[in-house]
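Following the hints, put chain B in place on chain A, whose structure we already have.
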Amino acid sequence: MAKPRPVAGIDPTRHVRPNARRILAMRIEEIYEYDGLVGDPANVTQLHDMRIAFKRLRYLIEIFGDAFDTDLVPYLDQVKAMQDLLGDIHDCDVQVPMLQQHLAWLERQETESVERMLTSPRRARTPDDPDIALARFKSRLDTARRADERPGIHTLMAMRRAQRIALYMQFTHEWRRLKHARFRQRLEQALGIG
Amino acid sequence: MARAWDVNGLARNPRFRDAAGRIVLTRWREMISYRDGTLVGDDIEELHAMRVSSRRLRAAMDAFADVFPTKSFRRYLREVKRITDTLGDARDLDVAIEHLTLLLPEVEGVDRPGIEGLIDRYEQQRRAEDARIRALFDRLERERFAERLETWVHKHTGVDVATLAPTPPAGA
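Top line first, the protein sequences correspond to chains A and B. Every letter in the first sequence is one number past the one before it in our numbering, and letter 135, counting from 1, is 135. Every letter in the second sequence is one number past the one before it in our numbering, and letter 82, counting from 1, is 82.
No lab work stands behind these hints: they were computed from the structure. Bear in mind the structure is a predicted one, so any value in this text is a computation, not a measurement. Note that beta-carbon positions come from the ideal geometry of N, C-alpha and C, so glycine has one too. There could be a bad hint or two in this list.
Simulated pairs of lysine-lysine, PhoX-like, Cα-Cα distance not exceeding 20 Å [stated by the list, open to error]:
no., chain 1, residue 1, chain 2, residue 2
1, A, Lys-80, A, Lys-55
2, B, Lys-81, B, Lys-71
3, B, Lys-81, A, Lys-3
4, A, Lys-55, B, Lys-81
5, A, Lys-3, B, Lys-71
Pair by pair, the computed Cβ-Cβ distance ranges are [what the hints assert, rightly or not]:
no., chain 1, residue 1, chain 2, residue 2, range
6, B, Leu-102, A, Gln-100, 18 to 28 Å
7, A, Gly-9, B, Ala-11, 16 to 26 Å
8, A, Met-169, B, Ala-170, 38 to 48 Å
9, A, Thr-119, B, Val-95, 32 to 42 Å
10, A, Tyr-32, B, Asp-42, 41 to 51 Å
11, A, Thr-111, B, Lys-155, 51 to 61 Å
12, A, Thr-70, B, Glu-147, 33 to 43 Å
In isolation and in its complexed conformation, chain A is listed as follows (with noise of 0.2 Å):
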């Protein structure tokens, strides 16, 4: 996670206001430069610092915006909204690997139970029919494995990325709609800043 970078000129002696403004100007210039990163979806790294970026934004608009004289609500709105759909991307991005490491859980949960199956005593009481024993091998068998949780999995999995794709069209989408109503333009006026 990349850390918010230090401010410098802040003096605690003074109000608030001009020490906002220093910080909040800041934290606007790092959400923007993460904007040539994250047109690639494969970015996950740089999507996730945006996110963070924006909600760092979001509670210092919380936190300082009763000292400004604008209504800040409906910029605070729009940083909130963005870092919640980052958010959603995040979440995929985490619980995919989640899933397959479940799945990597439940293979090694299964080559416990197989193992311990065939060295358990009760093989000594294998019946003399061949298809019998085959039978009971097979019910033991299906007892150990877990492969009837796996399609779960995989299907949490697909739901996941499918997901993954809708949410990053619509962050896009978000992000261009922001750039082109001037939106850090518009925020950085109302607090007075430049």
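Chain B in isolation, oriented as in the chain A frame:
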């Protein structure tokens, strides 16, 4: 989501240092007000509210970092971050369990064993998180973290928590 507590005595454009004391102490008391509910664990919203408050506290500390000496600030922020992260791990599992449980009736039969198995596994992991949360709060109490933090904020901002008297919003 739990509403943020109002900050008592905050002027429209106050001194930066004074605002730091009032906001950090209010967010601290707000967060800690959910501790008992979180430990009881009957309602997952208590933990959620505590986590949200801890993030508000962290954000406030970050915003006013310049008011405090760097070294001690980092120490206190690290502890608050630990609280947020510990609660976050439990919250992520609560959300995942809730989401999967809601999804279950909508999926085809062939997918159910996998989702049920995943819910079981998350529930086991979630029980382990309860022990981690309890251990963290016990340690903070042993180390008298609350008193130390409140004294530290007072020392550097001049705001006293007893005088400030943070209180939850009406109806909360």
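Do the hints match the structure? See the list:
no. : hint                                : result
1   : A/Lys-80 <-> A/Lys-55               : holds, 7 Å
2   : B/Lys-81 <-> B/Lys-71               : holds, 15 Å
3   : B/Lys-81 <-> A/Lys-3                : holds, 14 Å
4   : A/Lys-55 <-> B/Lys-81               : holds, 15 Å
5   : A/Lys-3 <-> B/Lys-71                : holds, 17 Å
6   : B/Leu-102 <-> A/Gln-100: 18 to 28 Å : holds, 23 Å
7   : A/Gly-9 <-> B/Ala-11: 16 to 26 Å    : holds, 22 Å
8   : A/Met-169 <-> B/Ala-170: 38 to 48 Å : holds, 43 Å
9   : A/Thr-119 <-> B/Val-95: 32 to 42 Å  : holds, 40 Å
10  : A/Tyr-32 <-> B/Asp-42: 41 to 51 Å   : holds, 44 Å
11  : A/Thr-111 <-> B/Lys-155: 51 to 61 Å : holds, 59 Å
12  : A/Thr-70 <-> B/Glu-147: 33 to 43 Å  : holds, 40 Å
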